[in-house]
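Protein chains in written order, with my numbering: chain A, 95 to 266; chain B, 47 to 1022.
Among these hints, one or two may not hold up.
Between beta-carbon pairs, the in silico distance windows are [as the list claims (entries may be wrong)]: (1) A:D122 - B:Q311: 51 to 59 Å; (2) B:V717 - A:V135: 30 to 38 Å; (3) B:Q809 - A:V135: 51 to 59 Å; (4) B:G824 - A:D250: 49 to 57 Å; (5) B:P487 - A:A264: 28 to 36 Å; (6) A:D122 - B:Q809: 45 to 53 Å; (7) B:H295 - A:A264: 51 to 59 Å; (8) A:A264 - B:C768: 41 to 49 Å; (9) A:P265 - B:S142: 44 to 52 Å.
Beyond 10 Å from chain A on every Cβ pair, some chain B residues (computed) [said to hold, decoys possible]: (10) L382; (11) N532; (12) I904; (13) A916; (14) S918.
Worth flagging that the hints you see were computed from the coordinates, not collected in a lab. In this text, a Cβ means the ideal position worked out from N, Cα and C, and glycines have one as well.
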Amino acid sequence: MADALATITRRDGFGMVTIRADLDRSGDAIAEAAGLAIPGVTRITSDGSRSLGWMSPDELLLILPAAETGAAIAALTGALTGEHALVVDVSDARAVFDLTGPHAGDVIAKLSPADLDALPADGLRRSRAAQTAAAFWRIEGGFRLIGFRSTAQYLDLILRNAALPGSQLAPR
Amino acid sequence: MTHTPSFRLARGGRLIDRARQIPFRFDGRHLRGLQGDTLASALLANGQMMMGRSFKYHRPRGPLASGAEEPNALFGLGQGGRFEPNQRATTTALLSGMVMQSQNCWPSLDADIGAVNGWLSPMFPAGFYYKTFIHPRAFWKHLFEPVIRHSAGLGRAPSDPDPDRYEQAYAHTETVVVGGGIAGLTAAREAARAGGRVLVLEQGPVWGGRTPVDHRDGQARIEALLADLGARPNVTLRRNCMATGLYDHGYLLAREALADHDPDQGIPRQRLWRIRARQVVTATGALERPLSFAMNDVPGVMLASAVRDFILDYGVAPGRRLVVVTNNDDAYRTALIAQEAGLEVAAIIDARPRAGGDLAQAARAANIPVLTGTGIARVRGGRHVEGVIHCDQSGEGRPTGAIDCDVVAMSGGWSPVVHLYSHCGGKLIWDEAEAMFRPDPARPPLGADGQGNVTATGAANGDLRCAGDLERAEDATMPVWCMPQNAPYKLRSKMWLDFQNDVKVSDVQLAAREGYASVEHTKRYTTLGMATDQGKLSNINGLAVLSEALSQPIPQTGTTTFRPPYTPLTLATIAADARGDAFQPLRRTPIHDWHARNGAAWEPVGQWRRPYSYPRAGEDRHAAVNREILAVRKGVGTLDASTLGKIVVRGPDAGRFLDMLYTNMMSTLPVGKCRYGLMCSENGFLMDDGVVARLTEDSWLCHTTTGGAERIHGHMEDWLQCEWWDWQVYTANLTEQYAQIAVAGPKARALLERLPGSIDLSQQALPFMQWAEGEVAGIPARIYRISFSGELSYEIAVPAGRGLDLWERLHEAGHDMGITPYGTEAMHVMRAEKGFIMIGDETDGTIIPQDLGLGWAISKKKADYIGKRAQSRSFMTDRARWQLVGLESLDGRVIPDGAYAVDAGSNANGQRKMQGRVTSSYHSPTLDRPIAMALVRHGPERMGQVLDFPLPSGEVMQGRICDPVFYDREGGRLNG
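Modelling step: build the complete structure from the supplied sequences, incorporating the hints.
Below is the structure:
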C-alpha cells in the first residue's frame, strides 16, 4: 500500500487572539505589541514562533505559543487603550491540523474551492474544508489548517479520507 | 448462435492486446475477449449482436453506436452494492469475471415475454398512457400506476449501499478544453502558447477522437500534438474524464474514472472534478445520425462510423457482408475500410442523386456497387439483419431490388455535440449546408464580465472537415429525415427515431396532428429523447420530422433544452465523501465524550448532538427525563449548555446597537448585571432570545439560542456592515471558546461552595441576574446567575478546553448529593413548567413577542428597534391574534403537540375554522400531570374555557385555558 498523500497531525499548544481594530490607525501599535509586522491583505507574517494573519479589513489573528497568550492579550489591550478595538482570546475555539508531505496540496484541493496556485508563500486563505469553515496557510513541507473546535473530529476524518493512499490528483 | 465462429479479424485493432485474453460469461455462455475490448466489441467478436431489448416493445436490439451515445446495448453490471443499471456496453471496458444482466427482458434476453408488446404496438401509439389510463379515476392509483411502475424504467436500482469510495476535487485553470481529439488538442496547444494553465479533458481512455480511425496519418498527428502538450508545464492532460455539465461563470463538472475497472484497489472509484475556468473550449466532436427507414432497429443496423470503429479499434467484424446506406460521403469510408479488412461490401445505397466525391470514386474504383438516388424500403430480419430491400429515395417505397447482408452501416449526417455549449445559455444556429444545429459564435454563454466564455471548435463547432484536406473535397450532405421520402404509414410506423424509448416517425407525426406544435411538448408527449441517452441520436431526427409534419423550417421548431449531465452521473459520485461519518459535520461540545460514556440518548440540534436524556439500565429515554427533572427540582443537576451562542459586542456605539437589535433596553444595563432580551426580524417576528450580560462599560456578551449563534452573529454583522457602517461596534462569536455548564437545583449553591473558588456565591454577593468572574476549581470562570429551569441556577463559562475538567469536578463533588446530569428534554419540560417560551416551539416565524405575553420585554421608551415599525401594523396589533396561554388536559392525558383547537363553523374553503393550537405539551413529573402551552384567539381573556382538540383518530381531547406558569408562580425557588 502506498503512503497517504499527506501526514495529518492534530496540533495542540497554540494560543490564538482575535484582534479587531482600524488597522490603518492602530497598525503600528498592534505590530509592536504582537511583535510581528502587520500582514498585507490575505497574507500572514511569521517569525517562526508567532504568526499574525489578515482575516478581514479590520481583523487580525495572532497565533502564538499558548503560554504567551495572556501576556500578549495584555500587551495588545494596553497598546490599543483609547482606541475602538476588540482583543479576545479564541485559543479554545479552534482545532489545528498540520498537513505535511509531497501531496499535501492535493488534500486541500479535494476539500476547499481555493486555488492553491494562487496562494502565495505567505498567503492565508479563509475558506472551507468540505462542509465546515477552515483557514490555511503554508508551513514547511505543507500546510497548517485551522477550523472550529467542535468540528475537530469531522476535520480529522475528512482530511484523512482526502489523504487516502494512491488518490493523488496528478493525471494517471 | 451459440457456436458462431469468431468475428475477430485476423489483423488490426489498435486498442486491443491480442496476447491478453479475458474470459467472461454472458447469458450462461463462456466467452473470450481481449485486453482493450469494450463489452460491446467483445460480444460482437463472439458473434453476439443482440445485446438488449427495447423499453416499450421489448424488440431485440444490438449496438447502434460505438461510444457514449449508445442507446441499445445497456446492461446491469456488477452485483449487490456495486450493481449499476443502464451501463453502456460501448463505453464499458471488458473485465475478467464480469457479471452482467440483460435488461428489459424476462425470463431471458433470448425468450422475452414482454415482446408481446411489440405485436400489439399499434395499440401503443404516442400518448397512449395519457389517453388510456384516465378513467375511472381510482383505477389510476390502484391498478394502472402500480402496473406501469412495475414495468417502467430502464434497468433497476441497486438495493444495497455502494461499497466503493468516491471523492471530489477542485481545479482552477485559465482554459479547459473538453475533448481530446484533433480539434481539442490543437486548441489546447494554442491556449498553452498564449499562456496560463490549460486543462484538457478526454472522456475515454484514448486520445485522438475519430482522427486515428478516419485518417491514415491520424495517429501520428495526435501523437505529435500529445508530445508537444506533454512537454508544456502549463498543460494538464486528463483521460477518462467526462465533462458532464457546464454552469455559470465557467464552472464545469467532470467525472474522472479512477478505478471503475478495479474498485478493490483501495482508491476512490470515481472523482468529481469541480473546475473553474476562465475560458471553456468545447471540442466535443459530433455524433453521427441514424437514418429513418423501416426496421432500422433490427440488430445489425449500426451507425457507419461505429462499424469502422469496431473494425479498426478492436479488430472486430460486426458482420460478414455489409450494406452502407448514406446521405453523405463520410460513410464511404466505412465501405472502404470494411473491404480492406476483408468484409464483403454488397453495396453503397446513397440517397443523393449523384455521388461524385473522392471517396465515392475510390469506392467505385474498389468495385463496390454504388446505388444513387436510392433508399432502403425495409430491412429484412427479426433478431438479426438478413438483408435490405431498396427503393427510390424520392418514392413511396416500391421495391427496386433486394440485397442480402448481415450488417447495415447507416449515416444520416453528423450533429455537433453542442450540449456543454448549450447548458448555460449558448445559442445554436441551423446550418443548411450540413443540415445541423451548430453553436452560434455570436451568442455564446457569457461570463461574469458579459463576454463570451465558451468557444466551440472543430466538429463540435460544425466544422466536420477539421481533420484534413480529404474532407474538403467531399460532396455535400443531403438532408434525409424519412427514407424513402414519401413512405406510407406502414413503413413510417417501423422507423425508429428514439431507440431507447421506442419512439417512431409515426409517433411524432401523430403528435403534430394532435396539435403538439412545441418541440418541448412533443418530447414529453412522445417521450422522444427522454431515456438515459437523453436523445443524443434521436433529437435532431425527431425535430426534423416534427418540422416537416408542421410544414415549418427546422430552426423555427428549434431544439429541446440540453441539460446536464451529458452522460448519467451516479449519485455516489455527487455525494462523494459526504456519507457515513462524513455525511455532515457533527459538532461536539467539549463534554461530548462524557455524555457518550454515560449513556446519553442524543438529540440533533443543528449540527450539534446534545444529550436528550441519560437513560440508565431499565429506563427508556422518557423515564430518564422524569428522573432528571425531579433530581433537579429536589437536589442539583448539570446541563451542558456549551452550544448556546456567545457573541461579544464592543465599542462606543455597542449600547445603541444592542438597543436596536433587542426589543428592550440593553444600554441601561449596569455592568455586572444580566437581562433577558428578544430579537425580532425587520418584519417584527420573534427570531431569537437570550440573556445579555454587560461585561464592561463598552462591552456586552449576548447569549443566543443554540441554533441562533451563527445566524445572529451574521445578522449583527449584516446591520453593522451594510446599514450602520459608521457605528463603532466590533463583534466576535465566542461560542466555541467557552464550555458552559448550568448547575441548577436547590442544592446548586451548596455544591459549588464545595469547590475551591474565588467567587462569592451568596445571594447577597451574586443575586439573580448578575454575573461574577474568578476561579472555580482552579479554572478561570465567569458565573451567571441565570435560570431557565426556575431553580436556583448558576451557569458557569470556562475555556472550552477546561470544560470537561469542570464537569467532572462538579460530579465528583456532588456525588453524595445525587448530582444528576440532565438533557435537553428535561430542560424543555422545566421551562414549560415555568411558562418560559422556546424559540421554535412557541415561535414559528409568524409570532411576535406581543403574542407571547412578552410585552414587558418591549421597551416603550425607545424610538426604534428592528421590528418596531412592523409590529405597529394593523394585523400585528389585531387583538384577535392568537395569544399564549396554558392548557390543562381534562382527562389527564397529554394533548398532542401541534393539535389544533377547532372553532364553530367553516371557512370559505369549507374547512373547519380554528381558534388555536398547542405549541408545547408535556407530562410534568414535578406536578404529576400534563401541562401544555397554546396560542389561542383572545386566549388570556378566556381563562377557564374549554377547547376541543380533535385528533387524527377522530377522538376529541379537551383542554381548559389556564395561566401558562404552572410552577412556582412567585419565583421563590430562583434563590434556593
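Now for the hints, and whether the structure bears them out:
1. A:D122 - B:Q311: 51 to 59 Å: holds, 57 Å
2. B:V717 - A:V135: 30 to 38 Å: holds, 37 Å
3. B:Q809 - A:V135: 51 to 59 Å: Given range 51 to 59 Å: holds, Cβ gap about 53 Å.
4. B:G824 - A:D250: 49 to 57 Å: With Cβ atoms ~30 Å apart, the hint is violated.
5. B:P487 - A:A264: 28 to 36 Å: Hint holds: Cβ distance 35 Å, inside 28 to 36 Å.
6. A:D122 - B:Q809: 45 to 53 Å: Holds, at about 49 Å.
7. B:H295 - A:A264: 51 to 59 Å: violated, 26 Å
8. A:A264 - B:C768: 41 to 49 Å: holds, 44 Å
9. A:P265 - B:S142: 44 to 52 Å: Violated, since P265 (chain A) and S142 (chain B) (Cβ atoms, about 25 Å apart) do not stay within the stated range.
10. L382: holds, 36 Å
11. N532: Holds, since 54 Å exceeds 10 Å.
12. I904: holds, 29 Å
13. A916: holds, 31 Å
14. S918: holds, 34 Å
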